[in-house]
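Mapping of the sequence shown onto the working numbering: residues 1 to 155, in sequence order.
Calculated directly from the structure, the hints in this document are not laboratory data. No experiment lies behind these values; they were computed from the predicted model shown. From the three backbone atoms N, C-alpha and C, an ideal C-beta is built for every residue, glycine too. Treat the hints with caution; some may be incorrect.
[As the list claims (entries may be wrong)] DSSO-like mimics (lysine-lysine), calculated; alpha carbons at most 30 Å apart, straight line:
1) Lys-80 - Lys-70
2) Lys-78 - Lys-104
3) Lys-104 - Lys-72
4) Lys-104 - Lys-80
[To be verified] Simulated DEER-style distance windows between Cβ atoms:
5) Glu-86 - Asp-119: 32 to 38 Å
6) Pro-23 - Pro-108: 31 to 37 Å
7) Lys-80 - Glu-39: 16 to 22 Å
8) Ser-18 - Pro-106: 19 to 25 Å
9) Glu-4 - Arg-133: 18 to 24 Å
10) Ser-144 - Ile-20: 21 to 27 Å
11) Glu-86 - Glu-16: 31 to 37 Å
12) Glu-16 - Gly-77: 37 to 43 Å
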Amino acid sequence: MSLESVRAFFAEKAPEISVIESPISSATVVLAAEAYGVEPARIAKTLSLRVGDRVVLIVTSGTSRMDNKKVKAQFGGKPKMLGLEEVAEITGHEVGGVCPFGLKAPLPIYCDVSLRLFDVVLPAAGSTHSAVRITPDRLAELTSAEWIDVCEHRP
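Could you build all of it, start to finish, from the sequences and the hints given here?
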């Protein structure tokens, strides 16, 4: 269902972008980089966080690490990763396929500046075997994301 919601999202908002599927799992940054033939930093991972009573999604470069102090300063509270069941319940996507597209319900989306190091990135597309190739600016535009700096970039 999740993959279909992502396909519907792109059919409506950006029909020129197609979902690509891999026969091998792309559920982790390392697996996704291998599946799509890119370096791990180009994989755009989506972090699902609760800060106080808010749930937010932060899309960042695959090799970046969230900086808790920066996140706390940005959102005014201590971040906590959502649990596996919570992620699926809130986003409509299973862990390994979480992305900012085709969400079950609207959520605030943020793009970390680490994505801007690349011309094209590959976020998941709703399943553990799918992704899209997209420019960071187009990703932010399509998801109404705000650009923030909350990660420590590691090449």
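A quick look at each hint next to the structure:
Distance restraint check for Lys-80 and Lys-70: the Cα-Cα separation of roughly 13 Å lies within the 30 Å cut-off, and the hinted pair is therefore satisfied. Among the hinted pairs, Lys-78 with Lys-104 is consistent with the structure: their alpha-carbon atoms are about 25 Å apart, no more than 30 Å. For the suggested pair Lys-104 and Lys-72, the alpha carbons sit about 26 Å apart, so the restraint of at most 30 Å is met. Only pairs whose Cα atoms come within 30 Å are accepted, and Lys-104 paired with Lys-80 is accepted, the gap being roughly 20 Å.
At roughly 34 Å, the beta carbons of Glu-86 and Asp-119 sit within the given window of 32 to 38 Å. A C-beta distance of roughly 34 Å is found between Pro-23 and Pro-108, which places it inside the suggested range of 31 to 37 Å. The hinted window of 16 to 22 Å between Lys-80 and Glu-39 is violated, with their beta carbons roughly 29 Å apart. Between Ser-18 and Pro-106 the beta carbon distance is about 24 Å. The supplied range of 19 to 25 Å therefore holds.
As the Cβ distance of Glu-4 to Arg-133 is approximately 19 Å, the hint placing it in 18 to 24 Å holds. A hinted range of 21 to 27 Å for the beta carbons of Ser-144 and Ile-20 is consistent with their spacing of about 24 Å. Between Glu-86 and Glu-16 the C-beta distance comes to about 33 Å, which sits within the given range of 31 to 37 Å. Against the hinted window of 37 to 43 Å, the Cβ-Cβ separation of Glu-16 and Gly-77 comes to about 38 Å, which satisfies the hint.
When each numbered hint is compared with the structure, a violation occurs for hint 7 only.
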